[in-house]
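These protein sequences, in sequence, are chains P and D.
Heads up, the first sequence is in this note's numbering, so the first residue is 19 and it goes up one at a time.
Heads up, the second sequence is in this note's numbering, so the first residue is 19 and it goes up one at a time.
Any given hint could turn out to be false.
Stated by the list, open to error - Among the chain P residues that face chain D by a calculated CB cut under 8 Å, a handful are:
1) P83
2) I98
3) E100
4) R106
5) T111
6) Y153
7) K155
8) E163
9) D178
10) D185
As the list claims (entries may be wrong) - A short list of chain P residues far from chain D (calculated; beta carbon distances all over 10 Å):
11) P45
12) K57
13) G99
14) A103
15) E110
16) P122
17) G152
18) F154
19) T159
20) V161
21) T173
22) D206
23) R209
24) V210
25) Y226
26) A231
Everything labelled a hint here was simulated from the structure, so no lab data went into it.
All C-beta atoms in this analysis are idealised placements derived from N, C-alpha and C, irrespective of residue type, glycine included.
Number of protein chains: 2
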Amino acid sequence: MNTALTASGILTKRENSMKIYEASTAPNARRVRMFLAEKNVDMEYVQLDIAAGENLNSENRAKNPTTKIPFLELDDGTCIGETLAICRYFEETVSDNPLMGRTPLEKAQVEMWQRRVEFYFMMQVGMCFQHSTGYFKDRMTPVPEYGAVAGKAATKYLDDLNAQLADSKYLVGDYFSIADINLICALDFARVVKIKMSDEHTHLLRWYQDVSARPSAKA
Amino acid sequence: MNTALTASGILTKRENSMKIYEASTAPNARRVRMFLAEKNVDMEYVQLDIAAGENLNSENRAKNPTTKIPFLELDDGTCIGETLAICRYFEETVSDNPLMGRTPLEKAQVEMWQRRVEFYFMMQVGMCFQHSTGYFKDRMTPVPEYGAVAGKAATKYLDDLNAQLADSKYLVGDYFSIADINLICALDFARVVKIKMSDEHTHLLRWYQDVSARPSAKA
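Construct the complete structure from the given sequences, taking the supplied hints into account.
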């Protein structure tokens, strides 16, 4: 990325570069890439081999103690972890295409749907993945019974999402937002654990086709 | 509460009233009360008996389909669920005492710490509570083995929080924020499942005493 914050908070061209450390197939990494694509932010992405534990080494742990990806490194070395915190940074510094709401009420509604997607769907999918597959069993204790419970909860929440989209183009009315980005990234990742929309989810399927067709969905 | 949004987005006195539906002992309810106390927002709180399932009845489900508390009802009947979405609404409409950051970088850092507290501590405490105690066993499937895993993860994360507070008055430097509110509410709730700071957590204990002494902590 060839832009950086000046003291006035305006993004300008400069030679040093911000970086995002990520793993391209991880759903949280895609959330950030899609968010930045919607805002036309060009970024340098550095791949970490999370299966081999590259995110756990001392250099990366010093930058981001949780060891989760993605994380953002600013030009001065300041690091920001957590998907939503990275998105918040660019929402505040790049005025193009606000994705977290334009009025106080809309900002609250976006936060509400962002979190509903996250807690009742994406996180359940993630728990199903981690606890059912044992993918990270070297660094956590998988409980397969809980993985199955989480997977069922995620599948059940698809009905609620379908209901919300019955009268609404996007999760928050006609306004495409970070909540929609979260949902499509979570839905695509959910296929790994065989959690899928059914033919009865007509509104969700219509929404899925629409959002999948955005250029940012390929980011 | 005797204030409401005008079309210009400014809070003004009026006769109708917003309400927050909650259960006073729930940690998420306290997060919102403490947030509003810090911002000097007077609010009407309506108690729901969640043990008896009052949040699950059709009237409340229509207002907030997730059935979680707290949720906010605006004067025009619009409802906002999710703790952070309620806080966001008041952060955007009440300019006193910003608690979600004052600059782009600080907003990102607050979001980062808010989410770290939430995902790596509060949520683990909540999972430990729900899966170990069976408190909500009529409406979910407790997996006690997972409750124990979550409790251990929460306890382990206290070391990381203590480390962050070694050189920092609050979680984000000298700036008291919603991240600190989340942490104290989670820490106090954690005692229910016997997750406590140890004498070795000297920085966290210093922070805890400081934040507990704020008038808002009694909200």
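Tested hints:
{"no.": "1", "hint": "P83", "verdict": "6 Å, holds"}
{"no.": "2", "hint": "I98", "verdict": "5 Å, holds"}
{"no.": "3", "hint": "E100", "verdict": "4 Å, holds"}
{"no.": "4", "hint": "R106", "verdict": "5 Å, holds"}
{"no.": "5", "hint": "T111", "verdict": "5 Å, holds"}
{"no.": "6", "hint": "Y153", "verdict": "16 Å, violated"}
{"no.": "7", "hint": "K155", "verdict": "12 Å, violated"}
{"no.": "8", "hint": "E163", "verdict": "5 Å, holds"}
{"no.": "9", "hint": "D178", "verdict": "6 Å, holds"}
{"no.": "10", "hint": "D185", "verdict": "14 Å, violated"}
{"no.": "11", "hint": "P45", "verdict": "15 Å, holds"}
{"no.": "12", "hint": "K57", "verdict": "13 Å, holds"}
{"no.": "13", "hint": "G99", "verdict": "6 Å, violated"}
{"no.": "14", "hint": "A103", "verdict": "4 Å, violated"}
{"no.": "15", "hint": "E110", "verdict": "4 Å, violated"}
{"no.": "16", "hint": "P122", "verdict": "4 Å, violated"}
{"no.": "17", "hint": "G152", "verdict": "13 Å, holds"}
{"no.": "18", "hint": "F154", "verdict": "13 Å, holds"}
{"no.": "19", "hint": "T159", "verdict": "5 Å, violated"}
{"no.": "20", "hint": "V161", "verdict": "4 Å, violated"}
{"no.": "21", "hint": "T173", "verdict": "14 Å, holds"}
{"no.": "22", "hint": "D206", "verdict": "21 Å, holds"}
{"no.": "23", "hint": "R209", "verdict": "24 Å, holds"}
{"no.": "24", "hint": "V210", "verdict": "20 Å, holds"}
{"no.": "25", "hint": "Y226", "verdict": "20 Å, holds"}
{"no.": "26", "hint": "A231", "verdict": "28 Å, holds"}
Against the hints set out earlier in the document, violations occur for numbers 6, 7, 10, 13, 14, 15, 16, 19 and 20.
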